[in-house]
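2 protein chains.
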Amino acid sequence: MHKKLFIPGPVEVEKDVLEKLATPMIGHRTKDASDLQREISDKLRKVFHTKEEILLSTSSGTGLLEGAIRSTTAKRAIVISIGAFGKRWYEIAKANNVEADLYEVPWGEAVKAEEVDKLLSTGKYDSIFITHNETSTGVMNPVEEISKVIKKYKDVVWSLDCVSSMAGTKIEVDKLGVDVCITSTQKALALPPGMSICSFSKKAIERAEKVTNRGYYFDLLALYKYLKKKDYQYPSTPSLPHMFALNYRLDKILEEGLENRYKRHKEMAEYVRNWAKENFKLYANENFLSNTLTNVENTKNIDVKDLNKKLGERGFAISDGYGNLKNKTFRIAHMGETTLEDIKELIENINDILGI
Amino acid sequence: MHKKLFIPGPVEVEKDVLEKLATPMIGHRTKDASDLQREISDKLRKVFHTKEEILLSTSSGTGLLEGAIRSTTAKRAIVISIGAFGKRWYEIAKANNVEADLYEVPWGEAVKAEEVDKLLSTGKYDSIFITHNETSTGVMNPVEEISKVIKKYKDVVWSLDCVSSMAGTKIEVDKLGVDVCITSTQKALALPPGMSICSFSKKAIERAEKVTNRGYYFDLLALYKYLKKKDYQYPSTPSLPHMFALNYRLDKILEEGLENRYKRHKEMAEYVRNWAKENFKLYANENFLSNTLTNVENTKNIDVKDLNKKLGERGFAISDGYGNLKNKTFRIAHMGETTLEDIKELIENINDILGI
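Chains as they are written, first to last, in UniProt numbering: chain A, 1 to 356; chain B, 1 to 356.
Hints in this document: simulated from the structure, not taken from any laboratory. Computed from a prediction, not measured in an experiment: that's the story for all the values here. Among the hints, erroneous ones may be present.
Which copy is meant is left open, because identical chains are indistinguishable; a pair holds if it fits in one copy or across any two.
[Claimed, not checked] Derived DSBU-like pairs: lysine-lysine, alpha-carbon spacing no greater than 30 angstroms straight-line:
no., residue 1, residue 2
1, Lys124, Lys94
2, Lys4, Lys151
3, Lys228, Lys305
4, Lys309, Lys228
5, Lys300, Lys31
6, Lys310, Lys300
7, Lys118, Lys225
8, Lys94, Lys15
9, Lys112, Lys252
10, Lys31, Lys326
11, Lys225, Lys309
12, Lys328, Lys43
13, Lys300, Lys124
14, Lys305, Lys225
15, Lys15, Lys4
16, Lys31, Lys344
17, Lys75, Lys252
18, Lys154, Lys328
19, Lys326, Lys124
20, Lys309, Lys229
21, Lys43, Lys20
22, Lys344, Lys152
23, Lys229, Lys326
24, Lys300, Lys118
25, Lys20, Lys252
26, Lys87, Lys229
27, Lys15, Lys252
28, Lys300, Lys46
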């Protein structure tokens with residue numbers, strides 16, 4: 001039996017979108033391929049609220065995290081971690097001999113703008129890496145406040161991991177001044193995994209031109225230059241199935257309307273939060289809750305694995321706590337095409353299983 | 001109108017295989033996901049004629065070329081180029097600060113075993129990188145002879161780019177002693193682009209353990225370790241659509257029978273070669289012709305672009321010459337699920353357009 005996914009990616013994808021993956025193949029060096037990527041880029045610019053260029057990568061989001069830290073760090077990077085995925089970014093830097101420091105915020109908390117200011121004021125860093133929405137903890141960082149601080153540092157290139165938030169909550173890339181804003185297909189964009197996306201600002205381009213250790217496949221400057229030279233094509237052979245589905249999905253997203261989409265995500269988040277507060281506790285600081293995922297502290301000491309097994313028998317799947325948080329928390333994702341009705345149905349089933 | 005693809009990837013994919021891409025999503029940290037990757041690996045071991053482990057990468061083949069040269073070079077790499085894709089491997093090394101030398105064979109020629117011997121006898125290299133089948137020239141390297149030489153050098157780890165040949169011609173990975181054998185989905189495996197595959201020998205594992213600059217996303221050792229630790233799962237979120245389709249495709253390949261598949265490819269190749277020799281000339285040295293692609297020297301000085309345009313109107317696509325060979329050659333791919341009947345139909349149409 002198929003299980004409806006309420007996990008933080010892969011998310012549920014509707015049949016008509018899945019079917020677009022099955023579009024017959026075309027050559028990747030044709031006008032049709034150029035038109036496809038150009039259309040996708042134009043539509044993504046609306047979702048990202050940016051006028052900058054959009055790069056596609058046939059890889060998971062981790063690939064573009066690697067591309068961003070290698071391509072934009074000439075001197076030294078500061079990686080701000082508020083959970084597992086922030087820490088991964090630092091590990092990526094180390095694995096590529098990119099000079100970097102890790103600043104760890106306690107799990108469940110967001111980073112404060114003042115902390116960012118203090119770090120950058122040392123003058124040690126020319127690039128900064130922040131997770132917008134951390135699915136291991138359920139925290140969403142206050143990027144508006146952080147943006148005001150980062151803007152003071154003209155030489156610092158800012159990469160923001162919006163893998164699990166883009167298209168689920170408003171992220172105004174140009175207004176915030178984010179130089180490399182990264183997402184991937186299998187979260188709030190409600191597509192299958194297999195492709196990642198980033199914006200790439202002029203400031204980031206200028207920086208990348210000064211960096212020598214950019215690598216090859218994830219060299220953001222090479223992706224950008226090829227796109228410009230070959231009229232929106234990809235240096236190697238891209239995942240055409242994902243591009244067909246992404247192009248179609250973006251039409252549906254713009255048809256729903258971005259503001260409506262953000263509102264729907266907010267309503268789902270609020271419903272789950274209220275339920276969690278009534279019956280359990282929220283893991284994350286209540287001032288910085290994610291709009292796409294809720295991390296519930298398991299104060300009733302339920303058997304999360306058993307709950308998920310029973311939910312599975314009814315055709316639903318949620319996530320256990322991440323890593324060391326296993327059974328200490330459980331996570332309900334409310335992103336993509338999931339509706340408030342879906343969420344209510346899930347919660348009713350959880351209530352029924354737990355007898356609450 | 002859909003064009004039947006006779007280009008060296010993406011290739012034509014049948015409807016039932018495309019439809020497998022549209023399988024509803026599952027969690028990538030579930031037993032179902034483990035079972036899927038394990039099944040794929042077991043079947044791929046048959047196609048690769050290997051008992052070693054199989055790694056999947058959500059990326060194009062270029063990604064695993066990067067992974068191979070970074071993960072298996074501790075001292076210095078020798079990259080043997082017989083065309084555009086061999087040269088790319090060297091550029092990948094340079095972009096990652098991997099110590100490497102490039103040995104270039106004139107286009108249209110294969111590398112001789114003696115040349116490989118001479119290079120390795122210098123003792124300078126602990127890794128070697130060879131393209132099996134070079135789609136820019138139409139040459140297939142004589143890997144059996146090369147294998148005998150490389151086996152003399154116990155400390156040299158051998159990576160072989162079989163992106164455009166695996167499953168289209170017999171490559172006995174273990175018998176040859178190839179340590180990292182790389183392919184990707186959109187060539188003779190007849191799937192859409194978006195995933196690449198490699199075998200990973202014990203010798204390659206031992207080498208990778210001594211290499212520090214392996215990077216993150218394409219770190220072959222990390223892919224291997226995660227697969228072993230998490231029972232055939234992927235460190236980040238893999239392209240599930242490709243995995244569903246690959247698993248199904250492999251059943252069809254094994255059903256056809258590998259020997260039958262190689263024979264079919266050989267027959268198609270011979271048909272195209274004979275036609276080319278009768279009407280044009282073969283670009284590549286006749287002793288080392290590719291079984292999956294024929295590069296035809298444009299001795300009649302036809303307008304290749306115009307030919308392809310007219311073919312397009314009839315629902316077919318072939319490839320122009322690669323890079324500087326544009327209009328000097330044209331390329332007909334005969335790989336994947338293409339049949340001799342398809343090839344005959346294409347050739348008839350070319351004859352008709354050219355009036356030959």
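Going down the list of hints, with the structure as the test:
no.: 1; hint: Lys124 - Lys94; result: both (17 angstroms within a copy, 28 angstroms between copies)
no.: 2; hint: Lys4 - Lys151; result: neither (42 angstroms within a copy, 52 angstroms between copies)
no.: 3; hint: Lys228 - Lys305; result: between (49 angstroms within a copy, 23 angstroms between copies)
no.: 4; hint: Lys309 - Lys228; result: between (49 angstroms within a copy, 24 angstroms between copies)
no.: 5; hint: Lys300 - Lys31; result: between (58 angstroms within a copy, 27 angstroms between copies)
no.: 6; hint: Lys310 - Lys300; result: within (17 angstroms within a copy, 70 angstroms between copies)
no.: 7; hint: Lys118 - Lys225; result: neither (35 angstroms within a copy, 38 angstroms between copies)
no.: 8; hint: Lys94 - Lys15; result: neither (41 angstroms within a copy, 44 angstroms between copies)
no.: 9; hint: Lys112 - Lys252; result: neither (36 angstroms within a copy, 56 angstroms between copies)
no.: 10; hint: Lys31 - Lys326; result: between (49 angstroms within a copy, 17 angstroms between copies)
no.: 11; hint: Lys225 - Lys309; result: between (49 angstroms within a copy, 28 angstroms between copies)
no.: 12; hint: Lys328 - Lys43; result: neither (40 angstroms within a copy, 39 angstroms between copies)
no.: 13; hint: Lys300 - Lys124; result: neither (46 angstroms within a copy, 63 angstroms between copies)
no.: 14; hint: Lys305 - Lys225; result: between (48 angstroms within a copy, 25 angstroms between copies)
no.: 15; hint: Lys15 - Lys4; result: both (13 angstroms within a copy, 26 angstroms between copies)
no.: 16; hint: Lys31 - Lys344; result: between (46 angstroms within a copy, 27 angstroms between copies)
no.: 17; hint: Lys75 - Lys252; result: neither (42 angstroms within a copy, 52 angstroms between copies)
no.: 18; hint: Lys154 - Lys328; result: neither (42 angstroms within a copy, 50 angstroms between copies)
no.: 19; hint: Lys326 - Lys124; result: neither (37 angstroms within a copy, 49 angstroms between copies)
no.: 20; hint: Lys309 - Lys229; result: between (52 angstroms within a copy, 23 angstroms between copies)
no.: 21; hint: Lys43 - Lys20; result: both (17 angstroms within a copy, 27 angstroms between copies)
no.: 22; hint: Lys344 - Lys152; result: neither (44 angstroms within a copy, 67 angstroms between copies)
no.: 23; hint: Lys229 - Lys326; result: between (48 angstroms within a copy, 17 angstroms between copies)
no.: 24; hint: Lys300 - Lys118; result: neither (39 angstroms within a copy, 70 angstroms between copies)
no.: 25; hint: Lys20 - Lys252; result: both (13 angstroms within a copy, 23 angstroms between copies)
no.: 26; hint: Lys87 - Lys229; result: between (35 angstroms within a copy, 20 angstroms between copies)
no.: 27; hint: Lys15 - Lys252; result: both (13 angstroms within a copy, 25 angstroms between copies)
no.: 28; hint: Lys300 - Lys46; result: neither (43 angstroms within a copy, 50 angstroms between copies)
Comparing the model with each earlier hint shows violations of hints 2, 7, 8, 9, 12, 13, 17, 18, 19, 22, 24 and 28; every other hint is respected.
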